[in-house]
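Chain by chain, the residues:
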Amino acid sequence: MPSVVICLHAHLPLRLKKYGFFDIGHSQDYFDEQESRRVLERVAKDCFLPTNRTLLKLIRRHRGSFRISCSVSGMLLEQLEKGQNTVLESFRRLADTGCVEFVSGPWHHSLASLFSETEFREQVALHRRRVRALFGRRPQTFRNTELIYGNDVARIAESMGFRVILAGGADRLPGCDAAALHRPAGCRKLKVLFRHDRFSDDFALRPAGADRQPRTADEFARRLAEGVHGDEIVSLFMDYRTFGGNNRTATGMAGFPETFPGILLKRRDWRFLTPSEAVAQHAPAGEIDVPGQLFRAGSEKIGLTWPGNHMQIDAARTLYGLEDRVRATKSRKRIDVWRNLQASDHFCHMSTENLAGGEIQGASNPFASPYDAYIHHMSILKDFSGRIAGKTGERP
Amino acid sequence: MEKREDGARAMQILMFGWEFPPYISGGLGTACYGMTKALVERGHRVTFVVPSLPGPDRPSHVALVSAADFPAGPEKALPAGITVNPVDSPLRPYMAESDYGIFREGSLLASPGHYGPNLFDEVQRYGEAAALIARRVSFDVIHAHEWLSVPAALHARRESGRPFIFHVHALEFDRSGGSVNPGIFAVERQGLAEADHVIAVSHFTKSMIVERYGIDAEKVTVVHNAVSRGEAAGAYGVVKAQGEKIVLFLGRITHQKGPVFFVEAAAKVLRVLPDVTFVMAGSGDLMSRMVERVAELGIGSRFLFTGFLRGSEVERMYAASDLYVMPSVSEPFGIAPLEAMLYDVPVIISRQSGVSEVLHHALKVDFWDVDDLAGKICAALTYDALTREMVERSREELRALTWGRAAREIEEVYRRVTGLAPVEPIELTEPTNQ
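So the protein sequences, as listed, match chains B and W. Mapping to my numbering: the first sequence position 380 is 380, numbers consecutive. Mapping to my numbering: the second sequence position 87 is 87, numbers consecutive.
Simulated from the structure, these hints should not be mistaken for laboratory data. Each hint should be verified, as a subset may be incorrect.
To be verified - Simulated pairs of lysine-lysine, DSS-like, Cα-Cα distance not exceeding 25 Å:
id	chain 1	residue 1	chain 2	residue 2
1	W	K268	B	K18
2	B	K45	B	K57
3	W	K219	B	K18
4	B	K82	B	K266
5	B	K57	B	K266
6	B	K266	B	K17
7	B	K17	W	K364
8	B	K57	B	K17
9	W	K364	W	K219
10	W	K364	W	K268
11	B	K18	B	K333
12	W	K268	B	K17
To be verified - If you anchor each label on the Cβ, the simulated ranges turn out as follows:
id	chain 1	residue 1	chain 2	residue 2	range
13	B	R267	W	E211	58 to 64 Å
14	W	E211	B	Q28	52 to 58 Å
15	B	D269	W	R351	38 to 44 Å
16	W	E392	B	A280	27 to 33 Å
17	B	R172	W	E357	32 to 38 Å
18	B	D177	W	E211	40 to 46 Å
19	B	A125	W	E409	55 to 61 Å
20	B	E78	W	E357	49 to 55 Å
21	W	E357	B	R42	28 to 34 Å
What the hints assert, rightly or not - To be clear about the criterion: a stretch of chain W counts as covered by chain B if any three or more of its residues have a C-beta under 8 Å from a C-beta of chain B, and this derived list gives those stretches:
id	region
22	367-378
23	385-397
From a predicted model like this one, the values you see are computed outputs, not experimental measurements. Quick reminder that beta carbons are idealized off the backbone N, C-alpha and C, glycines included.
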């Protein structure tokens, strides 16, 4: 009986202010609240609300057969609580159906797993507590930022009591079958579920028909039926904006997410599961050993593989190098600032890949160039480190 | 019409220019050299006409033709493919007399030049000589650089009936900073209007041609310039003192190049980083104003004027610098940042420059935003990871900015205007630096 496991991920960083070299020592206004709010309003209206409406409709229509999981970053939850309660409500309504599992990850959508285990654990614990408080269930499923995976991440997730970890990068593991569950090396209970890249990417927003993409929900369902057999699991992990939202209309793929579950459920045997349900019903096919860090397919395109370029490495090293000093301040405010600077987005904006032809960069980078992104981030860090050293106004 | 070895059609090109190596004083000559060399390497033949040739030793790959010794004798010293013909004319770069800054794009290294009093007469005489040349030389297409060549190209077209391509490296609007010379403007407009096709060195220039001269955008093709690595490049392993950073402005000290923004930014930087040295290399009509301003700001001890630099001095200057700044107010292309990049020097350029269209690994500022410029200078001097990334990625980018690429695009324009059989795409294995 083939299963489909969908995980939709929602995240928005706090935008950074344009913070130049001459602001160092003069301003501790690092985040652009106004711009962040503006972006949130737009995405809420264009994406979160309509997508959640669609999901609710699907769940009601299929009377419990359509099941799904959602990952909402802590950073986004915080912003929603402050300014977009209707969105938060729509997530709550999804949780109330019992058909939606909320998964947990690092609160700040950070790369902490690469740099500091202590910090990583704290951010995950923060997020899990908040998700439990908001949606009523203690998350059993873990999803690291950008689906970054490795033995260490798995070990930490297991020790924190998670039962399943979502991961990317199966294509980089020879012999790894993404359509099966695996047991991470060194773990006894935890199971890992890899993103099915081909079918997940078929969902991506490209002009209809490009790259031999399925044009219709029928075609997509047919492909699934042809490509998946027996007890296999198809993990469709994607961004909220990929799944739904108004921009689908422009690509000629409107209605696609709304109709394909119905088509699939009409076929015999097919079912939708949450990640927790999937691990409860499937045994691991084998052990998977990933000593280093595994990044998902296409992570180069968004500018996030590690080690990154000179600027990404320098900025991350500088940021995490402050950890002990930040903790020593025992100031909630300072620690929050430091954590908000950890959002992976800031590092993506420093990527120098695909600049010449890079629509991906141009569309999402709030800075004019990766070099500007780095300069602003570093200037903020210089000011911030001066302040936690208690030397306000200190020059570099 | 000959067939090239690869089966594509070779063309004969009659080119009108202003200067040609080794007799050059600015960027146009360098550009013409690189461009014609790449065209010849693709199998075409170029006859290059210049107003005059000062010496007997003729260059390389073109047939240089001069009206002075026209009809030209056998061109023994030239590599096959290119002839350079000088026309006997007193038109020369940097002729003294008027107070008008020399106009050629990229002639950054030049001393302030001047047009002669009878400039327009000379341009006309150049044109008439061109008609004679056009009668003797066979060619498929006329390719003229800059407004000075327009009458020559028009005469040649009248004589031959061949299509005329006008290659714009700079416009009167860029050069003059507002006080447009109506005579030059008229020649430019005539050239743009009458040309069968126009090549612009940047989208920046193309939009000016379309908006200010009312030319149909369809008629204008953008072909970005390239940069050739000089043989001496990289030979200057100048050892820099630790902590002593040099920020360079190298170009004509004229309104167009925005030297004032460099000076103002320097003052702001020095308040934060007092050990930086700023160098303004070049000369021009704003030089004394800049010297006065530097004194007024009290930064004279950290701000040097080198005057006009030549040849190896320029290379040495680039090699010694930690950062190159081009705050141009209006720059059709601007080859100097590419030259700086050849020496692994990171660059800050103004967004109001054509070269910013092809450079992705440079810091960019609006020329008027002195705070942003100063902040970026500080950042570039402070954050090593920033400049390392820029320099490494720029090396890759430079490899793609070849004259071979430009020649392919020019060839495509030739094909369109002549209606000759399409030049078959051929894969050139280009040397890393042409």
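Taking the hints in turn, this is what the structure says about them:
| no. | hint | result |
| --- | --- | --- |
| 1 | W:K268 to B:K18 | 19 Å, holds |
| 2 | B:K45 to B:K57 | 17 Å, holds |
| 3 | W:K219 to B:K18 | 40 Å, violated |
| 4 | B:K82 to B:K266 | 42 Å, violated |
| 5 | B:K57 to B:K266 | 17 Å, holds |
| 6 | B:K266 to B:K17 | 51 Å, violated |
| 7 | B:K17 to W:K364 | 18 Å, holds |
| 8 | B:K57 to B:K17 | 39 Å, violated |
| 9 | W:K364 to W:K219 | 30 Å, violated |
| 10 | W:K364 to W:K268 | 18 Å, holds |
| 11 | B:K18 to B:K333 | 21 Å, holds |
| 12 | W:K268 to B:K17 | 22 Å, holds |
| 13 | B:R267 to W:E211: 58 to 64 Å | 60 Å, holds |
| 14 | W:E211 to B:Q28: 52 to 58 Å | 44 Å, violated |
| 15 | B:D269 to W:R351: 38 to 44 Å | 59 Å, violated |
| 16 | W:E392 to B:A280: 27 to 33 Å | 50 Å, violated |
| 17 | B:R172 to W:E357: 32 to 38 Å | 36 Å, holds |
| 18 | B:D177 to W:E211: 40 to 46 Å | 60 Å, violated |
| 19 | B:A125 to W:E409: 55 to 61 Å | 58 Å, holds |
| 20 | B:E78 to W:E357: 49 to 55 Å | 41 Å, violated |
| 21 | W:E357 to B:R42: 28 to 34 Å | 30 Å, holds |
| 22 | 367-378 | holds (count 6) |
| 23 | 385-397 | holds (count 8) |
In the structure shown, a violation is registered for the earlier hints numbered 3, 4, 6, 8, 9, 14, 15, 16, 18, 20, in ascending order.
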